[in-house]
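Visitor: Chains as they are written, first to last, in the numbering used here: chain A, 1 to 520; chain B, 1001 to 1313; chain C, 2001 to 2294.
Treat the hints with care, as some may be off.
[Said to hold, decoys possible] Computed spacing ranges between beta-carbons, pair by pair:
| no. | chain 1 | residue 1 | chain 2 | residue 2 | range |
| --- | --- | --- | --- | --- | --- |
| 1 | B | 1126 | C | 2057 | 24 to 34 Å |
| 2 | B | 1107 | C | 2260 | 28 to 38 Å |
| 3 | B | 1049 | A | 147 | 30 to 40 Å |
| 4 | C | 2049 | B | 1218 | 26 to 36 Å |
| 5 | A | 412 | C | 2069 | 37 to 47 Å |
| 6 | A | 94 | B | 1107 | 55 to 65 Å |
| 7 | A | 127 | C | 2057 | 49 to 59 Å |
| 8 | B | 1006 | C | 2180 | 25 to 35 Å |
| 9 | A | 195 | C | 2070 | 44 to 54 Å |
| 10 | B | 1049 | A | 94 | 43 to 53 Å |
| 11 | C | 2057 | A | 323 | 21 to 31 Å |
| 12 | B | 1107 | C | 2036 | 47 to 57 Å |
| 13 | A | 359 | C | 2070 | 54 to 64 Å |
| 14 | A | 308 | C | 2069 | 14 to 24 Å |
[Said to hold, decoys possible] So the derived list for chain A, only partly shown, Cβ under 8 Å to chain B, looks like this:
| no. | residue |
| --- | --- |
| 15 | 39 |
| 16 | 238 |
| 17 | 268 |
| 18 | 271 |
None of these hints come from the bench; they were simulated from the model. Quick caveat, the model's predicted, so the values are computed rather than measured. The beta-carbon is built from N, C-alpha and C at its ideal position, and this holds for glycine as well.
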Amino acid sequence: MMLLTRRMTMAAAAMAMTMASLPALAQSVLKVRPFGDLRTLDPMTTSDYMVRNHGYMVYDMLFAQDSSGAIKPQMVASYSTAPDGLTWTFVLRDGLTFHDNQPVTAADVVASLKRWGEKDGLGQQLMAHTASLTATDPKTVTLVLKDRWGLVLDALGKPSSMLPVIMPARIAATPSNQNITDAVGSGPFMLVKEEWSPGAKIVYAKAPMYQPRPETADGLAGGKQAKVDRVEWLIMPDAQTALNALQAGEIDIFEELPPDMIGIARKNPKIAIAKLSALQGVFRMNQSQPPFNNQKLRQAILRLVDQEQTLRAYVDDKALFTNCPSFYMCDSPYFTKSGWPSPDAAAAKKLVSESGYKGEKIVLLDATETALSPHTLVVAQMMRDIGLNVDYQAMDWGTLSSRRTSKNPVEQGGWSAFLSGPAAPDMSEPLGHLALRSNCDKAWFGWPCDDEIEKLRASFTTAPDIEGRKTIARQVQERALETVPYVSVGQFWLVRGHQANLAGLLTPGVPVYWNVAKSR
Amino acid sequence: MIPYILRRLASTIPVLAFVALFVFLLLRLTPGDPAVLIAGDQATTAQIETIREQLGLNRPLVEQLVSWVGQLARGDLGRSVFSDMEVTRLIGLRVEPTAMLALVALVMALAIALPLGTIAAVKAGSAVDRAVMAFAMLGFSSPVFVVAFLLVYVFALTLGWFPTQGYVPLSQGLLPCLNSLVLPGLALAMLYASLLARITRASLLEVLSEDYVRTAHAKGVRPQRVVLRHALKNAAIPIVTVVGVGIAALLGGVVVTETVFNIPGLGRLTTDAILRRDYPVVQGLILVFSVIYVVVNLLVDLSYVLFDPRIRY
Amino acid sequence: MAMTETRAGVVEARMGVSSHAGATWRFLRANPVILGGLAVILLFTAVALIAPLVLVDPARLNPIQRLRPPGLDHLFGTDQVGRSTFSRTLNGTAISLTVGALVTAVTVIFGLLIGLVAGFMRRLDGVVMRIMDGIMAIPGILLAIALMSLFGSSVKNVVIAISVAEIPRMARIVRSSVLVIREQTYVEAAITNGAPVPRILLLHVLPNAAAPVIIQATYVFASAMIVESILSFLGAGTPPTIPSWGNMLAEARPFMQRAPWMIAFPGVALALLVLTVNVLGDALRDAIDPRLKA
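Throw the hints in and build the complete structure from the sequences for me.
Guide: Next comes the structure, spelled out in structure tokens:
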């Protein structure tokens, strides 16, 4: 063994000597602890947020959303629409270059958009309305629609997955049911593939050939200037480890800092905290099976949940949660408290006995690694306190998201309730609302079914003005308080922690790392 | 001696064959459909079918075994379900941190245990002896992650002497690399050092009571010399044996230590792969760890020849 | 796990403990460490039995009282959802003891069975021991996590997974005891006299193999509790709803700085119990094999 040890030490020393001769240039490196791990390199085939974020590093898009939500040209220099509204012409900016130093041509754009249009929901709609999409010359793309369709720019500047990114035509030729493996892109950073180690780190280098727009960065739009030489995504599954690393200056950014660590991070003058995105906590009940097919019992839960308690289980800091007695986000234009009952356990208990509940098992699913797990535990306790027979089942999010698709009875792998945290854009108005939709089988998991809500939602699009829409939003809420498609457990923020010496950190809801500079 | 080595080499074959068989059966004999397990919770039926075909799960078991052995012989461990990378490449990327960590832990353990164990044996029954043994008992009874937390809290967060997490590759210099391994190495070495200190003490005590040592003492050889030259050398065999047997504990400890310290080695790959149900990776890792274990023990056996001239084969 | 072999190996085939009650008492009187160790383990057992009866429900949540430091209101403080760390730590004793005891029982039973068969039936010996070597070639914790990931988390599966990793070593120790014992004249005589094998095993071999088995059993007990905590810590152990110390430590990890008591109490309890069992094992070995006593 000693002999072995000696030999290995010698080998190690020899290795260290050869390695040490490599140049160690003074490069600026931005070290980020992302919230997950990168699974594939293809932002067109999956809605996975990590892959989307990778897409923003490596690729550019024709259009992008600015901080006000407007769609602005990105790779496009100018565009025009014919008076009939059917023919769209896009002219590419000068000097656009892929990471393999080949110019970006209109043919590349057409190939990329066609591939994206096979997979993405909005992309499929665009393609369904499209008569032709062609490269009329190396810098011009022409889109001819079959009929008028108002969402062309929204589709091409789609902020979240799946992204209409522009890649070389040879890579876009990969069938859309197969992942691309070549990450040559059109964006501000290049993937350093040799250093990619799944589960450990993903490394990006500044793309020297990338031409940013002259405007300042704004939201996801504007000039995407890489102000560091390298960005390293360091995968750290354990949050405490990541916090230690942030405190010790070993990482620059900690995405989705758990709320209980915020206090510690605040005490450190070298660390700053920024809000990342707002969520609404949704307690979702399965209406396809007993006992929550019983409306009275759902009303009991609505009366039971005390947001003050559920939110405090998530975070003690009042600045990071809002007790929001509404189906709509509290800062959205359609917010209304109308009809929302005050929490009252005794009243809830009375509703339970009126409902005829006879101790049927309530299977409550909890994805223990998510932000909603504390809420789940609290609601479970509240339910037990009023005599409901709660079967709490702990699992990971992957398991939960497959379990919740089941409409089986609870004895056969079904479920009664789970909690989830959809982001603000999905929870702000009746039409796009994820959890108010009550179109039976087509509704989100839990499958609420109510004609009246559906009629109100349909009339929302045709209302003449904002006041009219507000009235409809209020009516939807009042009706939903009877049918109870779900119960809100409160509104709260995800946050990111970062070193105070970072400048230009953008917060468009998607974590992006251009425009970020490190100072000494 | 050469026949002995050959015999010893041959004896590893059935063990490795068993491990390979075990790894093969591990997945196939589980309750439920292995393809569903591998594909994960969000997979479509088509994806499951693809995996079933890739792994040949719809062929007879014997046929599967034959092709699995064929794959192994070609050094092909399949592809990761999570990242679609070759398992061999994934493992290759993770070898350096683990090798360095194990090496550092081993050296630390020996550096702590040999002197402590020797002092305890020489001063058997004294307060020093009892203190050393109490320390060993404590180190041996504390779960490795509790030790790790304590070390991070004191030496990284409070005192700021060492990094709290992560691994600096050798390519960035030997010293930064070693610096990043001090705390994880120590956490891992603790258990091992406790064990080694006890064995060193026990075997030295035994040797010290033997006739030739007494003779040496009687002949007026200096006590340090007696311990270092005669006694320690003869106590080496049980110590080396423990190094070999303990390598299993060390490899197990690597899994925990790398997870706590966020070291991108084989251990963290293991926990990640298991939590993601990335079975091709799990299988590959079990094989690799087992081969390491078998090879280390082979080397240990062969090293007996070095330490004990009385053993001739 | 690995370390225990050599320790117990030293005393393999040594004489057993007398079974008479009076002799046992005299033995304990002569070995106060063993007496003390047994007393502490009895104390832990008492806690495990009484805790669920007198303390608040360890799953009882109180989000308003979350992350409170230890004090008069909350003896050991509260965790991230306001559960009582005192109640959880004390209730966790039962899980650790149960896992430790069950793994020890399963390991002893199967270890004896396999070891006796291998030691006595020469034809089976080679095959059986190669299989045992094969299992031992896989690091125990790794083997346990792999099994857990396949079978899902439950206390039963934890016991099985840890036992599978522990049985080979026990079998090996039993086997080597048997090999020594069967060379003894009186056993050889019994064999030549044509006594049936089960009778020989029961009458001659088993009592004489008892000592090393008992010593190894104490180490299995200690090791099982540690492995359970590691499995739970890595997320592949007892289901997260059960307040096992490993689960408590895993949940406490993100609160290491904010609420160090969440780690301290279960951590100390675990180390204390394991330490006691290990000290007991050492004392037993010293008592049975005085040669190694300092």
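Visitor: State, for the Cβ atoms of residue 1107(B) and residue 2260(C), whether the hinted interval 28 to 38 Å holds or is violated.
Guide: holds, 31 Å
Visitor: Identify whether the interface hint at residue 39(A) stands, where standing means a beta carbon of chain B within less than 8 Å of its own.
Guide: holds, 6 Å
Visitor: At the C-beta level, are residue 1049(B) and residue 94(A) separated by a distance inside 43 to 53 Å?
Guide: Taking Cβ atoms as reference, residue 1049(B) and residue 94(A) lie about 48 Å apart, which means the hint holds.
Visitor: Less than 8 Å between beta-carbons is the criterion; does residue 271(A) satisfy it with respect to chain B?
Guide: violated, 14 Å
Visitor: Just to be sure I understand the hint, the distance between the Cβ atoms of residue 195(A) and residue 2070(C) should be within 44 to 54 Å; is that true here?
Guide: Given a distance of about 46 Å, which is inside 44 to 54 Å, the answer is holds.
Visitor: Mind checking the CB of residue 238(A) against every CB in chain B and telling me if the closest is under 8 Å?
Guide: Since the shortest Cβ distance to chain B is 7 Å, the answer is holds.
Visitor: Quick check on a hinted range of 24 to 34 Å for residue 1126(B) and residue 2057(C), using CB atoms only.
Guide: violated, 51 Å
Visitor: 49 to 59 Å was suggested as the range; check whether the CB atoms of residue 127(A) and residue 2057(C) agree with it.
Guide: Between residue 127(A) and residue 2057(C), where Cβ atoms are some 57 Å apart, the hint holds.
Visitor: In this structure, is the beta-carbon distance linking residue 94(A) and residue 1107(B) contained in 55 to 65 Å?
Guide: holds, 60 Å
Visitor: Is it true that the C-beta distance of residue 308(A) to residue 2069(C) lies inside 14 to 24 Å, as the hint says?
Guide: For residue 308(A) and residue 2069(C) the Cβ distance comes to about 23 Å; the hint holds.
Visitor: Return holds or violated for the Cβ distance of residue 412(A) and residue 2069(C) against the range 37 to 47 Å.
Guide: holds, 46 Å
Visitor: Holds or violated: the 47 to 57 Å window for the beta-carbon distance between residue 1107(B) and residue 2036(C)?
Guide: Given range 47 to 57 Å: violated, Cβ gap about 37 Å.
In the structure shown, a violation is registered for the earlier hints numbered 1, 4, 12, 13, 17, 18, in ascending order.
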